[in-house]
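> Protein sequence lines, in the order shown, are assigned to chains D and S. If you're matching positions, the first sequence starts at 1 in my numbering and goes up one per residue. If you're matching positions, the second sequence starts at 1 in my numbering and goes up one per residue.
No lab work stands behind these hints: they were computed from the structure. Note that the structure is a prediction, hence the values are computed from the model and not measured. A hint or two may mislead.
Selected chain S positions facing chain D (Cβ under 7 Å, derived; list incomplete) [unchecked claim]:
#1 74
#2 102
#3 118
#4 120
#5 130
#6 155
#7 262
Every residue gets a Cβ at the ideal spot worked out from N, C-alpha and C, and that includes glycine.
Number of protein chains: 2
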Amino acid sequence: MRGPTGPVADFRIVPGMSIAPNPDALPPTPPSEFAFINWVRGRTPQHPGVLVGPGDDTAVVDLTAAPTLVTTDMLLEGSCFVLAEAGPRRVGRKAMAVNLSDIAAMAGEPFAAVVSVGLPRKGGRALAEELYLGLREVADAFQTVIIGGDTNSWDGPLAISVTLLGRVVGERAVCRRGAEVGDWVMVTGPLGGSLLGKHLDFTPRIHEAMKLHLSVPLHAMIDVSDGLAADLHHICEESGCGAVLRAEAIPISDDARKLQDGRSPLEHALGDGEDFELVFAVAASVGRRLLEEQPIPNIRLHHIGEFVEKGLWLEENGQRRPLEPTGYVHLIE
Amino acid sequence: MRGPTGPVADFRIVPGMSIAPNPDALPPTPPSEFAFINWVRGRTPQHPGVLVGPGDDTAVVDLTAAPTLVTTDMLLEGSCFVLAEAGPRRVGRKAMAVNLSDIAAMAGEPFAAVVSVGLPRKGGRALAEELYLGLREVADAFQTVIIGGDTNSWDGPLAISVTLLGRVVGERAVCRRGAEVGDWVMVTGPLGGSLLGKHLDFTPRIHEAMKLHLSVPLHAMIDVSDGLAADLHHICEESGCGAVLRAEAIPISDDARKLQDGRSPLEHALGDGEDFELVFAVAASVGRRLLEEQPIPNIRLHHIGEFVEKGLWLEENGQRRPLEPTGYVHLIE
Numbered sequence: 001m002r003g004p005t006g007p008v009a010d011f012r013i014v015p016g017m018s019i020a021p022n023p024d025a026l027p028p029t030p031p032s033e034f035a036f037i038n039w040v041r042g043r044t045p046q047h048p049g050v051l052v053g054p055g056d057d058t059a060v061v062d063l064t065a066a067p068t069l070v071t072t073d074m075l076l077e078g079s080c081f082v083l084a085e086a087g088p089r090r091v092g093r094k095a096m097a098v099n100l101s102d103i104a105a106m107a108g109e110p111f112a113a114v115v116s117v118g119l120p121r122k123g124g125r126a127l128a129e130e131l132y133l134g135l136r137e138v139a140d141a142f143q144t145v146i147i148g149g150d151t152n153s154w155d156g157p158l159a160i161s162v163t164l165l166g167r168v169v170g171e172r173a174v175c176r177r178g179a180e181v182g183d184w185v186m187v188t189g190p191l192g193g194s195l196l197g198k199h200l201d202f203t204p205r206i207h208e209a210m211k212l213h214l215s216v217p218l219h220a221m222i223d224v225s226d227g228l229a230a231d232l233h234h235i236c237e238e239s240g241c242g243a244v245l246r247a248e249a250i251p252i253s254d255d256a257r258k259l260q261d262g263r264s265p266l267e268h269a270l271g272d273g274e275d276f277e278l279v280f281a282v283a284a285s286v287g288r289r290l291l292e293e294q295p296i297p298n299i300r301l302h303h304i305g306e307f308v309e310k311g312l313w314l315e316e317n318g319q320r321r322p323l324e325p326t327g328y329v330h331l332i333e
Numbered sequence: 001m002r003g004p005t006g007p008v009a010d011f012r013i014v015p016g017m018s019i020a021p022n023p024d025a026l027p028p029t030p031p032s033e034f035a036f037i038n039w040v041r042g043r044t045p046q047h048p049g050v051l052v053g054p055g056d057d058t059a060v061v062d063l064t065a066a067p068t069l070v071t072t073d074m075l076l077e078g079s080c081f082v083l084a085e086a087g088p089r090r091v092g093r094k095a096m097a098v099n100l101s102d103i104a105a106m107a108g109e110p111f112a113a114v115v116s117v118g119l120p121r122k123g124g125r126a127l128a129e130e131l132y133l134g135l136r137e138v139a140d141a142f143q144t145v146i147i148g149g150d151t152n153s154w155d156g157p158l159a160i161s162v163t164l165l166g167r168v169v170g171e172r173a174v175c176r177r178g179a180e181v182g183d184w185v186m187v188t189g190p191l192g193g194s195l196l197g198k199h200l201d202f203t204p205r206i207h208e209a210m211k212l213h214l215s216v217p218l219h220a221m222i223d224v225s226d227g228l229a230a231d232l233h234h235i236c237e238e239s240g241c242g243a244v245l246r247a248e249a250i251p252i253s254d255d256a257r258k259l260q261d262g263r264s265p266l267e268h269a270l271g272d273g274e275d276f277e278l279v280f281a282v283a284a285s286v287g288r289r290l291l292e293e294q295p296i297p298n299i300r301l302h303h304i305g306e307f308v309e310k311g312l313w314l315e316e317n318g319q320r321r322p323l324e325p326t327g328y329v330h331l332i333e
């Protein structure tokens, strides 16, 4: 029995187990987006929460257990990566990882992704497969299913957009809003110089964020995508407060020190984007405990400043001076 | 009290009611993507299902009531539209409407969207606003909230990707799989010639699909985006059957008749993409009733063929000949 009155079980199409068309019965699929979609379907694993996977007009997922996090990030050739340098596999990895980092910033658990892509007309199929394998590497590492997408060809450069769905963990998501005056500013790792490689090869702080969130009350959190100063500025804007950073407390990455471009390692740590570490606000008492106990495996938590009434400040050698929220921005005039 | 132990109510940030930053307290936002994001936030209406709207690392939505439909569609300048001809407002409308059409094809109810966009570096802000207003026109007409996005600039042409979330209506979504031998092939309206304008200005069949789905058992459904023959072929592939269309029964649009390009109006109706009417499969007895009762306001349902054991066929003047599943495809080699 079919139709809306039929049993729900009848409706469950398991991804990767689609009906193989009888080759005698229908004309062959042209060499096109559909050939690629079939290639993807054959590689899509089963997942109990995915009721309909790639190959229909939409995917159907079961998100009824918890509120849903939704984020999207688009990577554009020449602006977010240099394809010839990075290679398509790493671009795929980055496209998934930047979205996972946004789920981490809310202390959520990733679940499923859709991917839309604008491919060059020639060589697009091989490129699409490499992108997909890169996307899958990172998605698989974080139990995320690619449930659908849109495959296009055009005369423009490579454009790839991922939308990621996640589940709220605990009673609420951790937002940018919520930092309080007196809270500590903390960060999950060293910053700066990501252009030397980390912006392509980084581990989104999914597990670390969930563990922190389930251990202590996180007042506010963000991932460092625009740059430490800029992203801290976002928390301040949303929370209606200010912040002061202590220069000597900011962990500076080796890559920030390697760059010899006239800017100091500290300037790189404050202004470089795409480190994808987490910056968060906790009550001072909680921060003290985290700093002492260091409860996150393989990660060192750093105390780099405090939230204050207003302004964005850097304290260096006992002197406090205004800090510009510089970082990577897409200039749109 | 804050943090994961705090009350859930504390967490509800109402979109459009974000904390206005104190202009004295923080450095000004640079003229950039952030200025545009703030412009969007000010226009985002409140919605009880949206717990966190634009302006955080992810949006948070409540989708716990029903399984979720997820679809994504990317529009690329020069391939899916000519910006100078269509204008950005219509491109925005189309970008939302094509996604809504996919939700309609599953007989679902749209709910919320995220939008990622790659803008030119000059004039991008005005373009982004026009796109947004176009997106909103169509989204508002179908009670769909834009809950977030990603705004980028680059040296490439305009690229816009929308991901739309919807809710399953009734007991299940209507998939491409499910047509049975003997079922009628039906369609919601005339086909062909969409290039003359309908591909930009069409009404996604959201309401019609829901009404049909709640009235009768729909075995399978798809929206005509690639073309009637190609999309019927998709249903056949997924359902493991074939279909025969009767040429004289296919409703042909006035625009298909207007085109004087060497292809007949019937060829346009069979092969042109982006009509965004719905093609569906119902039991013959149900089809007979629908044809007689015409239960959908302002829409005429047409009976254009039957599902058969195998093959894709066109019957014309009593002769049956093989039908090629031609239509718009993105060639990816």
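> Please name the hints from earlier in the document that this structure breaks, with their numbers sorted from lowest to highest.
4, 5, 7
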